[in-house]
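Chemist: Sequence:
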Amino acid sequence: MKQYLSLFRIRFTNNLQYRAAAYAGVATQFFWGFMELLLYRAFYRSDSANFPMDFAQLSSYIWLQQAFLTLFMVWYLDSEIMQTITNGNIAYELSRPMDLYSMWFIKNISARLSRAFLRCVPVLLFAAFLPKPYSLSLPHDFPAFALFLITSVLALFTVVSFCMLVYISTFYTMSPIGIRVVASSLMEFLSGAIIPLPFLPDGIRRIVDLTPFASMQNLPLRIYSGNIAGAEMVRGILLQIFWLLTMLLIGRLWMKKTLKKVVIQGG
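Taking our numbering, the leading residue of the sequence shown gets 1, the next gets one more, and so forth.
Hints listed in this document are in silico derivations from the structure and should not be mistaken for laboratory results.
None of the values given here were measured: they were computed from a predicted structure.
Be careful, since some hints might not be right.
As the list claims (entries may be wrong) - Below, a list of computed lysine-lysine pairs in the BS3-like style, where the Cα atoms sit at most 30 Å apart:
(1) K256 / K2
(2) K107 / K256
(3) K107 / K2
(4) K2 / K132
(5) K260 / K2
(6) K132 / K261
(7) K260 / K107
(8) K2 / K257
To be verified - The calculated label-pair distances, taken between Cβ atoms and stated as ranges, are:
(9) V262 / P131: 30 to 38 Å
(10) A231 / M1: 37 to 45 Å
(11) M1 / T173: 29 to 37 Å
We put the CB at the ideal spot given by N, CA and C, even for glycine.
Work out the full structure: start from the sequences and follow the hints.
Modeler: Spelled out as structure tokens, the structure:
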């Protein structure tokens, strides 16, 4: 356990050095959040009665999405891990006295948390002081906030567990680009990163709600904004736990099978 904690600390501290990139990211997320809000506002003014989220709920959803982008961004895949597989350096990773799956999982968690640590506070503070209905609202009550924190942790683990499946699939290809593009595009749309899932047609949304993608950023952000509650929220949390455990199990079994016949590339 000590070696994994050390790996987490080293990776976390190393990523904190990139402050200029974090500040640039904060500026980008401010403008992106504004553009999204103004775009949705134009549609809401035309016919607000037919939208599945109040504009205040949507504002909270978007600002939380921007603040915690690095936690839940499904398109972020560690290039270093993929290069390690394709260039043959996986041999060095396998010689370490650590479980490869756990090591990569910790590296991903640490990288995402360190980036979020630098970016989330400025975005949240700025969004909280905007005029309504464009501002970040407080959660309805403390239980909603507590569930938001719990489901955010579970969502982070769910995102990383899915990314681990993408990394493992790279062992079976000569180039990870195709898998990376397909997986990122699929996850980005179905997790609510482009359009909040309540805006999808009912038939499609019911299907997406059953997939692991709905257990990513969609669930905690909707809990915070108050768009989901009661039995639907409980069902979402149970599905989130189910998909997390399922993908962790699949990932570990697949990694174990893959490493028995791994081919070292490079020269």
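Chemist: Now, for every hint given, state plainly whether the structure supports it.
Modeler: Here is how each hint holds up against the structure:
no. : hint                    : result
1   : K256 / K2               : holds, 23 Å
2   : K107 / K256             : holds, 19 Å
3   : K107 / K2               : holds, 14 Å
4   : K2 / K132               : violated, 47 Å
5   : K260 / K2               : holds, 26 Å
6   : K132 / K261             : violated, 58 Å
7   : K260 / K107             : holds, 23 Å
8   : K2 / K257               : holds, 26 Å
9   : V262 / P131: 30 to 38 Å : violated, 56 Å
10  : A231 / M1: 37 to 45 Å   : holds, 38 Å
11  : M1 / T173: 29 to 37 Å   : holds, 33 Å
The structure shown violates the earlier hints numbered 4, 6, 9.
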